[in-house]
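Respectively, the protein sequence lines represent chains F and C.
Numbered according to our numbering, the first sequence spans residues 1 to 310.
Numbered according to our numbering, the second sequence spans residues 1 to 64.
Careful: at least some of the hints might be erroneous.
Here chain C is said to cover these stretches of chain F; the calculated rule only asks that three of the stretch's residues, wherever they fall, bring their Cβ under 8 Å from a Cβ of chain C [to be verified]: (1) 215-222; (2) 251-260; (3) 294-300.
Computed from the model, here is a short list of chain C residues facing chain F with C-beta under 7 Å [to be verified]: (4) Met1; (5) Gln12; (6) Phe27; (7) Gly28; (8) Asn30; (9) Val32; (10) Ile35; (11) Asn39; (12) Pro44; (13) Val60; (14) Ala61.
Worth flagging that the hints you see were computed from the coordinates, not collected in a lab.
Please read all numbers here as calculations on a predicted model, not as lab measurements.
Glycine is no exception: its CB is placed at the ideal position from the N, C-alpha and C atoms.
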Amino acid sequence: MLTPDSRDVRCTSTPCSEPAVIRLRDSGQYLCSTHCIRHVENLFSRTVEDQRMIAPGDRIAVALSGGKDSTALLLLLHAALPAWPGVTLIAVTVDEGIAGYRDETIGAAVELTVRLGVEHHIVSFASLFGGDLDVLLKGRESRSCTVCGILRRRALATAARQAGATRIAIGHNLDDEAQTVLMNLLRGDFPHLVQDAASGEPECFIPRIKPLAWLSEREIVTYLILTGNYRELPECPYTGFALRSEVRAMLTGLEFRHPGTMKNLIRSRDTIRQHTPRASGVGSVQRCRECGEHCSGEICQVCRILGRPG
Amino acid sequence: MQIILPDRSTRQLDCGTLPIEEILHRFGINPVSVIVTRNGRLVPETAYAEEDDEIRIIRVAHGG
Ligand SMILES: [Zn+2]
Ligand SMILES: [Zn+2]
């Protein structure tokens, strides 16, 4: 039998000798429960401050799927509110209409907003686009995540605008962001690589902020468990993003062997952005001939998916 | 010891005391994609597991 001391690893924050709950692979730090929660809150605040994501008087629409990332995002934003004068929060949940998956996550979202006392709006694909994702996807299931992503972004922007929001906060984490950078590179998609949604480009003029962009999935799940907010929820049944799965597997392997890879990838993107003139992004913004929304072509992606005109 | 895998299936492992990362390695699981509890408490993967422990492996990556 090992003694507790040889069996456990201790927190490396000083002065602290509590048992560690997590090892941060890139910095080599071990953190106990208290210091892990503090680390996540600090990293979140620093991201918001460094990138000036929030201004006094902002009304932030939090994209709340009810899953782990958006749950952590709402909790962190809500906890930080007292420090931000005049800033208000609302939560927006998009119901894509995915059978056997969404009901439970929406239930979790409702529970959380009631508990925190946050105004909550739920918008559905059915009401906005005339059908559930399951129906809209017929015949193009292989593109499910692309189609869903485009529609979800429009649904969020519409709901946020109706609610008078000045920012949309998205729960994308470090892993998501690193995957997106690599995917854009692998596809040769320079416009999407350099486009910065925080500036309100291109289709939605409400800036999209990502306060969790420097937090890994492990840090987020650990934070939720430690604060008693973790729950297991069903996975989305659609897996139409073949490239993302491959990129995820590859990055997870690289991060294991070369800790810090994901953060370096994001730093590289930021450096490229800084050296890129604004006009190199997704192109000039016009209005869609069909729906009048901002877009980069004659007809927006949403109308093309919905088969308008026709 | 009892191992609960991310898909919730359980395995019995009789191998004495060993670091949790060694268990992950045996099951072909990358520590970057999971977190681990030992007897219900979160532990870093470098902590040790012993005979009577229950080790639960939770996947953090969605869709993978
Ligand atoms: Zn500590
Ligand atoms: Zn349109």
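Numbers of the earlier hints that this structure fails to satisfy, in rising order: Going through the list in order, the structure violates hints 3, 4, 5, 6, 7 and 11 and respects the others.
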